[in-house]
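Chains as they are written, first to last, in the numbering used here: chain A, 517 to 799; chain B, 517 to 799; chain C, 517 to 799; chain D, 517 to 799.
The hints are simulated quantities; they were obtained by calculation from the structure and are not laboratory data.
Keep in mind it's a predicted model, so treat the numbers as computed, not measured.
Do not rely on the hints blindly, as some may be mistaken.
Note: identical chains are not told apart, hence a pair may lie in one copy or across any two.
What the hints assert, rightly or not - The calculated lysine-lysine pairs, modelled on PhoX-like cross-linking and capped at a C-alpha distance of 20 Å, are:
hint	residue 1	residue 2
1	781	713
2	781	708
3	781	675
4	544	675
5	675	713
4 protein chains.
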Amino acid sequence: MQITPFQSIVTQYKTVFFDAFGVLKNHKGLIPGVSDTFKFLKENGIDYFIITNDASRGPKELANSYTQQGLTEITQSKIISSGMLAREYLKLKVKQGTVAYLGTAQSAHYIETLGTKTISIADLDLTKADEVNALVFLDDEGFDWYHDINKAVNLLRTKNIPAIVCNTDKSYPVSKHEVAIAIGGIAEMVEKIVGKKFIRFGKPDAQMFIFAYEHSVGKGGVADKGQILMVGDTLDTDILGGNKFGLDTVLVLSGNTIPTQAQMKITASGIIPDYICDSIAID
Amino acid sequence: MQITPFQSIVTQYKTVFFDAFGVLKNHKGLIPGVSDTFKFLKENGIDYFIITNDASRGPKELANSYTQQGLTEITQSKIISSGMLAREYLKLKVKQGTVAYLGTAQSAHYIETLGTKTISIADLDLTKADEVNALVFLDDEGFDWYHDINKAVNLLRTKNIPAIVCNTDKSYPVSKHEVAIAIGGIAEMVEKIVGKKFIRFGKPDAQMFIFAYEHSVGKGGVADKGQILMVGDTLDTDILGGNKFGLDTVLVLSGNTIPTQAQMKITASGIIPDYICDSIAID
Amino acid sequence: MQITPFQSIVTQYKTVFFDAFGVLKNHKGLIPGVSDTFKFLKENGIDYFIITNDASRGPKELANSYTQQGLTEITQSKIISSGMLAREYLKLKVKQGTVAYLGTAQSAHYIETLGTKTISIADLDLTKADEVNALVFLDDEGFDWYHDINKAVNLLRTKNIPAIVCNTDKSYPVSKHEVAIAIGGIAEMVEKIVGKKFIRFGKPDAQMFIFAYEHSVGKGGVADKGQILMVGDTLDTDILGGNKFGLDTVLVLSGNTIPTQAQMKITASGIIPDYICDSIAID
Amino acid sequence: MQITPFQSIVTQYKTVFFDAFGVLKNHKGLIPGVSDTFKFLKENGIDYFIITNDASRGPKELANSYTQQGLTEITQSKIISSGMLAREYLKLKVKQGTVAYLGTAQSAHYIETLGTKTISIADLDLTKADEVNALVFLDDEGFDWYHDINKAVNLLRTKNIPAIVCNTDKSYPVSKHEVAIAIGGIAEMVEKIVGKKFIRFGKPDAQMFIFAYEHSVGKGGVADKGQILMVGDTLDTDILGGNKFGLDTVLVLSGNTIPTQAQMKITASGIIPDYICDSIAID
Numbered sequence: 517m518q519i520t521p522f523q524s525i526v527t528q529y530k531t532v533f534f535d536a537f538g539v540l541k542n543h544k545g546l547i548p549g550v551s552d553t554f555k556f557l558k559e560n561g562i563d564y565f566i567i568t569n570d571a572s573r574g575p576k577e578l579a580n581s582y583t584q585q586g587l588t589e590i591t592q593s594k595i596i597s598s599g600m601l602a603r604e605y606l607k608l609k610v611k612q613g614t615v616a617y618l619g620t621a622q623s624a625h626y627i628e629t630l631g632t633k634t635i636s637i638a639d640l641d642l643t644k645a646d647e648v649n650a651l652v653f654l655d656d657e658g659f660d661w662y663h664d665i666n667k668a669v670n671l672l673r674t675k676n677i678p679a680i681v682c683n684t685d686k687s688y689p690v691s692k693h694e695v696a697i698a699i700g701g702i703a704e705m706v707e708k709i710v711g712k713k714f715i716r717f718g719k720p721d722a723q724m725f726i727f728a729y730e731h732s733v734g735k736g737g738v739a740d741k742g743q744i745l746m747v748g749d750t751l752d753t754d755i756l757g758g759n760k761f762g763l764d765t766v767l768v769l770s771g772n773t774i775p776t777q778a779q780m781k782i783t784a785s786g787i788i789p790d791y792i793c794d795s796i797a798i799d
Numbered sequence: 517m518q519i520t521p522f523q524s525i526v527t528q529y530k531t532v533f534f535d536a537f538g539v540l541k542n543h544k545g546l547i548p549g550v551s552d553t554f555k556f557l558k559e560n561g562i563d564y565f566i567i568t569n570d571a572s573r574g575p576k577e578l579a580n581s582y583t584q585q586g587l588t589e590i591t592q593s594k595i596i597s598s599g600m601l602a603r604e605y606l607k608l609k610v611k612q613g614t615v616a617y618l619g620t621a622q623s624a625h626y627i628e629t630l631g632t633k634t635i636s637i638a639d640l641d642l643t644k645a646d647e648v649n650a651l652v653f654l655d656d657e658g659f660d661w662y663h664d665i666n667k668a669v670n671l672l673r674t675k676n677i678p679a680i681v682c683n684t685d686k687s688y689p690v691s692k693h694e695v696a697i698a699i700g701g702i703a704e705m706v707e708k709i710v711g712k713k714f715i716r717f718g719k720p721d722a723q724m725f726i727f728a729y730e731h732s733v734g735k736g737g738v739a740d741k742g743q744i745l746m747v748g749d750t751l752d753t754d755i756l757g758g759n760k761f762g763l764d765t766v767l768v769l770s771g772n773t774i775p776t777q778a779q780m781k782i783t784a785s786g787i788i789p790d791y792i793c794d795s796i797a798i799d
Numbered sequence: 517m518q519i520t521p522f523q524s525i526v527t528q529y530k531t532v533f534f535d536a537f538g539v540l541k542n543h544k545g546l547i548p549g550v551s552d553t554f555k556f557l558k559e560n561g562i563d564y565f566i567i568t569n570d571a572s573r574g575p576k577e578l579a580n581s582y583t584q585q586g587l588t589e590i591t592q593s594k595i596i597s598s599g600m601l602a603r604e605y606l607k608l609k610v611k612q613g614t615v616a617y618l619g620t621a622q623s624a625h626y627i628e629t630l631g632t633k634t635i636s637i638a639d640l641d642l643t644k645a646d647e648v649n650a651l652v653f654l655d656d657e658g659f660d661w662y663h664d665i666n667k668a669v670n671l672l673r674t675k676n677i678p679a680i681v682c683n684t685d686k687s688y689p690v691s692k693h694e695v696a697i698a699i700g701g702i703a704e705m706v707e708k709i710v711g712k713k714f715i716r717f718g719k720p721d722a723q724m725f726i727f728a729y730e731h732s733v734g735k736g737g738v739a740d741k742g743q744i745l746m747v748g749d750t751l752d753t754d755i756l757g758g759n760k761f762g763l764d765t766v767l768v769l770s771g772n773t774i775p776t777q778a779q780m781k782i783t784a785s786g787i788i789p790d791y792i793c794d795s796i797a798i799d
Numbered sequence: 517m518q519i520t521p522f523q524s525i526v527t528q529y530k531t532v533f534f535d536a537f538g539v540l541k542n543h544k545g546l547i548p549g550v551s552d553t554f555k556f557l558k559e560n561g562i563d564y565f566i567i568t569n570d571a572s573r574g575p576k577e578l579a580n581s582y583t584q585q586g587l588t589e590i591t592q593s594k595i596i597s598s599g600m601l602a603r604e605y606l607k608l609k610v611k612q613g614t615v616a617y618l619g620t621a622q623s624a625h626y627i628e629t630l631g632t633k634t635i636s637i638a639d640l641d642l643t644k645a646d647e648v649n650a651l652v653f654l655d656d657e658g659f660d661w662y663h664d665i666n667k668a669v670n671l672l673r674t675k676n677i678p679a680i681v682c683n684t685d686k687s688y689p690v691s692k693h694e695v696a697i698a699i700g701g702i703a704e705m706v707e708k709i710v711g712k713k714f715i716r717f718g719k720p721d722a723q724m725f726i727f728a729y730e731h732s733v734g735k736g737g738v739a740d741k742g743q744i745l746m747v748g749d750t751l752d753t754d755i756l757g758g759n760k761f762g763l764d765t766v767l768v769l770s771g772n773t774i775p776t777q778a779q780m781k782i783t784a785s786g787i788i789p790d791y792i793c794d795s796i797a798i799d
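Given the sequences, and given the hints that come with them, work out the whole structure.
Put into structure tokens, the structure is as follows:
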């Protein structure tokens, strides 16, 4: 397994797509060296976007979380989240009625600006759900799991409405040794119980990469996919999705995929990054 | 689709295995005619056992629930539940340490009589989990879903211990139109997240039928499988499991499988009962 | 279930994406009325594209098959097949070495024009496979199933190379009552056996719709997704994919989804078309 | 990971269940030391049975294959194969008509002695399949994969009959570096395509262990499960099944699970053997 310095790779590209968790930050804060990397990118005229399956907060709040840690280069317009795709879907396909959601008030940002009425699953009375036209899985907090996940199951059994999942992840790290179940894991359980097909947004799905690509090209970014690099810490979301979309891919070993297991995981999964770097830090 | 009267079928057999929910009772209580059927069985010297995936209560409490409704023929010794298999497994394979469980105090009956220490997941302190040697999924109540399901995930990530599931069902009916997520559904979500193989007990698994069969034969019941009839309302647990074990099978239309969909479900699944009856009522 | 005449729907859109099998043709040839529909589209200035998971032939051969049946409106440039996405992937990600494939010489069209060497799995000598850098599943014919599917398994076990699947379908109709296993079904079996993640192209994947969308917009087609209609006969490819991409969708009852089962399948799957039509014929 | 000598373990038990491939033999023949082990078992009055998912030959032919290699202790009565369970099922549940099968004439041994008519899928004319009452997947050889697997799909689509699979394995080793697709892998593909539930016999399913257990007890073997040891080289069949049935389990490193990956696989899967041995050889 050959480890390549990130600097020698990134200078061959005009645009970089970064995963967030495990690449830019972890449970302790920013990953060491990340601020210098973003200064380096700026100095070298390399554009960048953050592509994240995190729909728990809107792009503005996500950007603030970097700014607060001193990484001022990541502004709202640089962030592409799976919540933005869900928003796009609802705008095109659910034009009236009420949209129910599982998540915090903060996560509901994505759907509240659409004009349709929204209601938290926590506030929903199943016997008065006639107007509900879609159910959106946004975040694992903001509702009572026992009562409200059961309510989601019965809502979908009673009414034939689309169910939209804004995060394909099943869990996310909350400390060095602990994870929490993500809304993607809960949605999968509900999907199996009701036996219906949910609509999922997030990596590795192509739609996530296209949304970022079009966003980038729309802002004057390079259109040649051969000049775009995808950087991630997870083989089956970041690298699989990047490869399939035709981008060159870098696996970093600063998150989900630890150095001692990287080669084994690549061989076992058949998901092959073009490069492997310790992290995105630049010497 | 030919409907046969239950009476004309059951008299051809010496022992009958009944599923409980949808066959003997539903959310409103006993299914009409069930009491007469059990009198008929007694008069005709036909033996019977109840085979249930319900591990929320012990056999004694399960039997009481029938007695209270006037069905005195179903005593404790007539009930075979998936919890009894989990108990057997723990007795043979987990001889020391502490067994943690998800469920009510009532469901813990199955594991508390074993001699090993037990602890509810609600009372478990993850930082002091050194002595925990197994995790058992018993019932969907008795713990806080948000905190305690996440605790179960992290316990299984930290410690390589067996996880045992006492109910293969993903949901169960609580009223005419509503269901609740069963512990089997929760266990499947946790299994996917931690990526490990859980040990499951319950129909359609053969072990459930063998346990009942040996129990029956041990009490003097008939050993010839050709003289045992399995009666259930669900194709992919009762009928699939009964068929695979070599028993003749009856699908009743008084529960999960409703008359208008029975033929379609049989054709779609390829799970073929030997007979179809409206219910086990006898004219 | 409300059936709407196709004519009253299609006139509300500027571009239509059609699935091929079950919508335009079936095992007997063109579906009645289809020629008139394409004349109607032309007269009314409505643009159209055919989006198909069929990678057994190139767009030119696919177009010829319509022309031979008298449907001259469907030219090569109107056809988007999943093979074109695989071609794009290989062009961007597999720049050297040899590409091995399962399929006929005809299906190899997609990969032969790339400049890299290609070899049919039937001609591959596993002991001399050092130069093989990718394996592509194109078509279910053109090789010996016993020897060559086993060869594919061993190639992927020995060499860590990407496996690309150009057809997500598991089977396809060959007569009124018979189907044949499609290359997508074979690829799924191989994927399970080798335990690796394959790269799949075809509906319902978003990439298929985006490819068609960009192709259409590139030729001057409408960019507003709200003015594009997707028409298909299969809920879990055509309608699910179209919905997720934000298009309005029509389910036609002239193929996979037969009139007596349509409502049941929509309710069971939760995949909801915006409209249902008997076929695309115009009165 | 603690490696224990097999001798010190086995002497604590009265009966041993052995998996065949990877434990007793591999592609080169008998595993070194195996003959001495069986002499040791005999001298010490420890009973033994071979439990195998191999249904390609009957118990007599399987026993012969050991005798020819000098291991005369393994006689026909010591072998329990998944084919024997399928035979039992057919005897109890398919009493008339014709049983069609995929496999060699040799594998058909299991079903030919039942009295019902049998026909190889290779000889089946789909238009004259009215009498076929079951389809059995026995072995991956003896038929033309292209024509006959497609025939199996169409038979199951046309007629609602049970499909029985006599081998749960998806592949099997044919040389040091090559595997072949097993009939279990083919059956799974067919099952997915026709969308029906097949009946599977083989480890890790409990029925396989119970069949062996009853066979052993019937011949005077020990009934206390605590005195029976299961020995296998594969975690998710031999060890998972043995554990679930309540037996103590030994993982040997002479087959599927190689020494450098054993600990990793145990941790990743959560399938925990009671002991680990290099092989069953005795010093």
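Q: Up to 20 Å between alpha-carbons, please classify residue 675 paired with residue 713: within, between, both or neither.
A: within (14 Å within a copy, 28 Å between copies)
Q. Between copies, within a copy, both or neither: which fits residue 544 and residue 675 at Cα up to 20 Å?
A. neither (43 Å within a copy, 24 Å between copies)
(Q) Treating 20 Å as the Cα threshold, decide for residue 781 and residue 675: within, between, both or neither. (A) Classified as between: cross-chain Cα gap 14 Å, same-chain 42 Å, threshold 20 Å.
Q: Since the copies are identical, ignore which copy is meant and state whether residue 781 and residue 708 lie within 20 Å (CA to CA) inside a copy, between copies, both or neither.
A: between (28 Å within a copy, 16 Å between copies)
Q | 20 Å Cα threshold - placement of residue 713 relative to residue 781 | A | Result: close only across copies, 11 Å inter versus 29 Å intra.
Checked against the numbered hints above, the structure breaks only hint 4 and satisfies the rest.
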